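Taken in order, these protein sequences are the chains called A and B.
Per the working numbering, the first sequence starts with residue 1, numbered consecutively.
Per the working numbering, the second sequence starts with residue 1, numbered consecutively.
Think of the hints as simulated: they come from the structure by calculation, not from any bench.
Just so it is clear, the structure is predicted and the values come from calculations on it, not from any experiment.
Heads up, a few of these hints could be off.
As the list claims (entries may be wrong) - In silico SDA-like pairs for lysine to any residue, Cα to Cα no more than 25 Å straight-line:
#1 K141(A) with D342(B)
#2 K199(B) with I184(B)
#3 K135(A) with R462(B)
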Amino acid sequence: MEAIVDQTAKVDPMNKVNTELSKENPEAHDLSGLETVGIPFTDTAKMSMRDVNVFYADKQAIFDVSLDIGQNEVLAMIGPSGCGKSTFLRCLNRMNDTIDICSVQGSLKLEGQDIYDPKLDVVPLRARVGMVFQKPNPFPKSIYDNVAYGPRIHGLVNRRTDLDEIVETSLQKAGLWKEVRDRLHSPGTGLSGGQQQRLCIARTIAVSPEVILMDEPCSALDPIATAKIEELIAELSENFTIAIVTHSMQQAARVSHRTAYFHLGKLVEVNETEKVFTNPDHKLTEAYITGRFG
Amino acid sequence: MNTSTLLVTIIILIAVAYILGRGRSLVLADASKGGFRNLNSLPFYYGTLTALWCGIPSLILVGVWLIMDGSIIDQLLIKSFPAEVTTLPPSELGLILNTVKNIAAGNMVGSDTQPYMTQAAQSLKNINQTSQMAMTVLAISVGILLAAFSWWRIRPEQKARLQVEGAFKFFLLACSCLAILTTIGIVFSVIFESIKFFKTVPITDFLFGLQWSPQMAIRADQVGSSGAFGAIPLFVGTLLISFIALVLAVPVGLMSAIYLSEYASPRVRTYVKPLIEMLAGIPTVVYGFFAALTIAPLLRDGGAWTFEFLGLQMSISSESALAAGLVMGVMIIPFVSSLSDDVISAVPQSLRDGSLGLGATKSETIKQVVIPAALPGIVGGVLLAASRAIGETMIVVMAAGLAANLTANPLESVTTVTVQIVTLLVGDQEFDSPKTLSAFALGLMLFTVTLALNYFALHVVRKYREQYE
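Kindly produce the complete structure, drawing on both the sequences and the hints.
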């Protein structure tokens, strides 16, 4: 937050650009020749995407996005509504497969392996790249069964005691264990919104994925629950690679290492989070984070 | 003026009243006093209010008059008959009245026309004319007077909208009461007949008796059955056939629902779903002869062949519970599949995404997340289908037979509650013998059972809906 406040004082040289942007519809800007600025690539890439294009039937939603997600990095994706950040995120574990009219082109690799290879089975991919959704979506089962769901279907455990242990450690990692250990067998839908979202995170952790994708995980939560999830993201980054889509720039500033700014399906800028929120390279990023549009 | 002309006149009066009422409100909404803002309601409501005052009372008057005048005129006619005719029993009196009416209408009548009849016919014509005239005058004047009264009462501060809405609310209430009153009427008519039945046959014999043979000696000297009214064999037969039907319909319906809602492409779905639902549109009597003429012989012959091949001393009766149950099962497939399809589609996509996002396969997602989430709704659909199966009549009348065997063997012929009700009441029957009255007792029990099932099913479905909204 501070970073953004400081920012307004420093924008003098750019004032002209900003005034122009605020006067007219930013969408009218010609983005055809747009090149991503900043540092989209890393040496320790866990996932690397090159020239990704996504179409919904005839309509193109993502244009030539190239981006790396580093090992144990938290990458935040920000941008106005409809800019394609959620679509891009859902490409990373092929959740877009459930939408018939959606087609993905380009190269998307998880540790060098093409995840859109027709021969690749999507089921183990999704076990490696887990996902937490915008709205908490616990299954209508008990808290225990919610967490045990993934390990059970993947046959990760044979004995009940092992399963108990996975459930306990996952709930502990998600910071929910103390609140629910006395009622593991009551329904997961009976928890509060924030607890439900942490339950969904625990459920994702339980299959020990390598990458966790989060699609606006706090947008349905109150500030206290949000703070808990943000703390949790920081802890989780020790073990997992995390890509998070968020509408809250403060959240992106607080939790992420690098931030990617999307605009109308194009990746405008990727930089160290601090740089994005203090001294962005691109005028569109500048305009967005200072609240000129979005 | 005849009745249809009168109705047209009243409708014209209503239109005129509307225009006048609206016009008066517009005049009152004097521009110097603020125009429309001066009125409590829009001019439309003042017009409607006047029209309602004009139309409703006079239409009610016409309705009541048309219902009542027949019997009043009959009474007047009977009074005019000679004394020896007036004392005749009601049935013969009715015949004479008919003859008189026929003469009055100019129809052909028998040769035994008495002079008093022609006289009565003449006076009937007069009375009819007078009655018609009186009704016309009264209805029109009531309409005009009340419309004028209501027109005169129009004031800018009158709460016309509230009054009009009140009237329409009352009308809506009356419509919903009609259905309820009919149900109550049916229940009471069945209950009263059942009480008569239970006066001759103890209720415990009926509920727990193991034998059903409703033939009773009509005369004291008649040889024959003394009658046994144990409903157990009928209910066992009903449950057996319904069970067979559900065993077929639930898996088939549920699986087709899963296919349609989860796997089928939108194109397939648009064709297949209406086709399945078409099964529900086939008249049950058609299913009935399909069962009796195609399935039952097929089962009998196929069974005979199979048992001979296996060297078993068994056979399938040509009217078997199996044939009726199977065809009934096909009939209720659309209930199960359509309702299940709805509840499965209502399971939020986010749950499927959650499961798929954890690396579950589509079939794991369906089995472990979608179906459990939709289960209460599916159970509700199955219960509705079951109550449909229990109440089904035509198929079992034609395919299941009449023999009240107390058996759980689906290859034998059994009978059901509904079949017995039909056979008890069809044909010439006296309406005061226990045999006929037992039909009402059976009906009451059936009604209670299906009502309980329906209530339970709706309760389950509603509970499920609350969960996701």
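Can you give the numbers of the hints that this structure goes against, from lowest to highest? none
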